[in-house]
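Given the coordinates of chain E, assemble chain F onto it according to the supplied hints.
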Amino acid sequence: MKKINFILFSILILFSLRSIHGQGDFRPFAEIIDEISAVTSNPESFKKEIFENIKRTLNDPATLNFVLKEITGTGSSASILKDLNIKFNTFEYSDTSSIGLAYDFNKVIKENTLAADANDKTGIAFNLSSSGSIVLTKHPNPFDYTKSNLSFHFYKSIGGAVAITDEQVIKKNELEAELVEYTDIDELNKSKAWKEYLEIVTSNLTDQFYFDFSLNAAIESNQKFTLKNYAYGAKLGIDVKAWNQESTLANLNIFDWPFAVVRWLTGTEDNIYPRGSTIPTLLVKLDYVDPQKDPWRESMSGLKMYPRLGFEAAFKTLAAETGGEPVYFSANLRYFKELDSPAAIKHINMDEQFYFTFALTQQRGLYISYTTGKLPLDQQTNDVYEIGWVWGI
Amino acid sequence: MNNFWNKNNLACRKVWLYLKVLHQHNKVFKDTGKLKMKDLQFWNDLSSPELREQQAKMMAHQFDNMFRSFDKAKYEEGSSLETAVEQLKSILTDENKTVADLAEAADNNYFFLGEDLDEEN
Chain E
1 MKKINFILFS
11 ILILFSLRSI
21 HGQGDFRPFA
31 EIIDEISAVT
41 SNPESFKKEI
51 FENIKRTLND
61 PATLNFVLKE
71 ITGTGSSASI
81 LKDLNIKFNT
91 FEYSDTSSIG
101 LAYDFNKVIK
111 ENTLAADAND
121 KTGIAFNLSS
131 SGSIVLTKHP
141 NPFDYTKSNL
151 SFHFYKSIGG
161 AVAITDEQVI
171 KKNELEAELV
181 EYTDIDELNK
191 SKAWKEYLEI
201 VTSNLTDQFY
211 FDFSLNAAIE
221 SNQKFTLKNY
231 AYGAKLGIDV
241 KAWNQESTLA
251 NLNIFDWPFA
261 VVRWLTGTED
271 NIYPRGSTIP
281 TLLVKLDYVD
291 PQKDPWRESM
301 SGLKMYPRLG
311 FEAAFKTLAA
321 ETGGEPVYFS
331 ANLRYFKELD
341 SPAAIKHINM
351 DEQFYFTFAL
361 TQQRGLYISY
371 TTGKLPLDQQ
381 TNDVYEIGWV
391 WGI
Chain F
394 MNNFWNKNNL
404 ACRKVWLYLK
414 VLHQHNKVFK
424 DTGKLKMKDL
434 QFWNDLSSPE
444 LREQQAKMMA
454 HQFDNMFRSF
464 DKAKYEEGSS
474 LETAVEQLKS
484 ILTDENKTVA
494 DLAEAADNNY
504 FFLGEDLDEE
514 N
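First to last, the sequence lines map onto chains E and F. Each residue of the first sequence is one higher than the last, beginning at 1 in our numbering. Each residue of the second sequence is one higher than the last, beginning at 394 in our numbering.
Isolated chain E (complex conformation) (with noise of 0.2 Å):
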């Protein structure tokens, strides 16, 4: 099976070279197979194996992915696609699985900083930005919400970090210079170098807390554009990291604790320290939506303005380490809540949308996710789950 999908491996880079770069006279790709499978005992069923792989293969979101990346990381289109990350996925339902498309653009238009001191700083800017997904087939979008928005930010970043000695970071040089030659990170974490690193650096971080008011300009639809809002409003991001783990808040998080007891009972650390820099990241929103297209939300109570209040969490942490290798814990919550709707809207609980998902993850390994409720332009709950297998390609 490895040397056939090698020999696919092939055939498909060759193809895809001949094609790309129109060098001599091309053959038809089932002419070629042909004289391969020739030279073989059982050329029906090299064939049918071959074709099975390719349609296996292209329906693949890693090969999708692998051909995009190559479209889109080379030649003068690079720089105009930079702001832009494309990736194919694969959807999966409680009976199928579909390939689908998540795109996300975000260009600073203009940035501005009014403080520049390295652990004070306050800026604006103007971003224009675009995200969403879809499905490439007949099946129902599970995340069928995709939003452009012009927004006017102003942004404030304070602590993180605070100055050292000139001495200090020549003393910092040095333990660097040492810590980059060690091979095993069992026995770096033991090292006398990365405990003398760590008292320099560790002691000099602080609490850093991050807020970004926007005034944004939006508009969100369904991926078919039989639903469409436009949407104004104000948004409130707000970060606090505690970077040093002695901190008070980083004691406080107590969305870390659980994986803090976890992550000691493992044996990934000694003791049972809450991560500050897992502190959840908050969104806040407040858009006044003026429906465009909503046949349903008319025939409910006509397509008048109304305002609607959304929220969004995000929490990661490390829950162990296996082989070495980190086994993450992800969750992700948002809720809108439409204010003053009508009794029709309310009566049908379509004045509000809770939407929750969680995912236990390795780098290569393991993957268990899980997905409930719907978004602001769903008509009905949708409930994923996904267990599958991530390889490192």
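These are computed hints drawn from the structure, not numbers from a lab. All the pointers check out, no bait thrown in.
From the derived model, a few chain F residues whose C-beta atoms are all more than 10 Å from chain E:
id : residue
1  : Asn-396
2  : Phe-397
3  : Glu-470
Derived pair list, reagent style DMTMM-like, types lysine to aspartate or glutamate, alpha-carbon separation capped at 20 Å:
id : chain 1 : residue 1 : chain 2 : residue 2
4  : F       : Lys-431   : F       : Glu-479
5  : E       : Lys-190   : E       : Glu-321
6  : F       : Lys-400   : E       : Glu-174
7  : E       : Lys-171   : E       : Glu-181
8  : E       : Lys-156   : F       : Glu-479
9  : F       : Lys-465   : E       : Asp-117
10 : F       : Lys-490   : E       : Asp-83
11 : E       : Lys-195   : E       : Glu-246
12 : E       : Lys-87    : F       : Glu-488
13 : E       : Lys-171   : F       : Glu-508
14 : F       : Lys-431   : F       : Glu-488
15 : E       : Lys-107   : F       : Glu-479
16 : E       : Lys-87    : F       : Asp-487
17 : F       : Lys-423   : E       : Glu-181
18 : F       : Lys-467   : E       : Glu-167
19 : F       : Lys-467   : F       : Glu-508
20 : E       : Lys-304   : E       : Glu-352
21 : E       : Lys-192   : E       : Glu-174
22 : F       : Lys-423   : E       : Glu-325
23 : E       : Lys-110   : F       : Glu-479
24 : E       : Lys-107   : F       : Asp-487
25 : E       : Lys-224   : E       : Asp-294
26 : F       : Lys-423   : E       : Asp-186
27 : E       : Lys-374   : F       : Asp-438
28 : F       : Lys-465   : E       : Asp-120
29 : F       : Lys-467   : F       : Glu-479
30 : E       : Lys-190   : E       : Glu-269
31 : F       : Lys-467   : F       : Asp-500
32 : E       : Lys-195   : E       : Asp-184
33 : E       : Lys-192   : E       : Glu-181
34 : F       : Lys-400   : E       : Asp-184
35 : F       : Lys-423   : E       : Glu-174
36 : E       : Lys-228   : E       : Asp-351
37 : F       : Lys-423   : E       : Asp-184
We put the CB at the ideal spot given by N, CA and C, even for glycine.
Leaving out everything else, chain F in the frame of chain E:
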């Protein structure tokens, strides 16, 4: 992997160690350059892109804090706080960019104390 990853380069060393100190990974130097952003602790695949953008911007500011406070780093000619943070952020928001790419962006934007010596080693 990006060929930039080199133990004699100060930006690579600092990016490796600062990410480790900030609990983003637990790897030795030689195994870190190839790590992708999605492999680091801050990257949450389940978040909305706007939330990830916010987290990445905070991380970029923290790198700027650490380079300037712990390494007395100055901005390279043609760079500035806005440019440096934006370039770090654009790496931090791309799940497939590597730690080596992040170190290269740091090296392009910051001049570290002692940097002229490390280039000769």
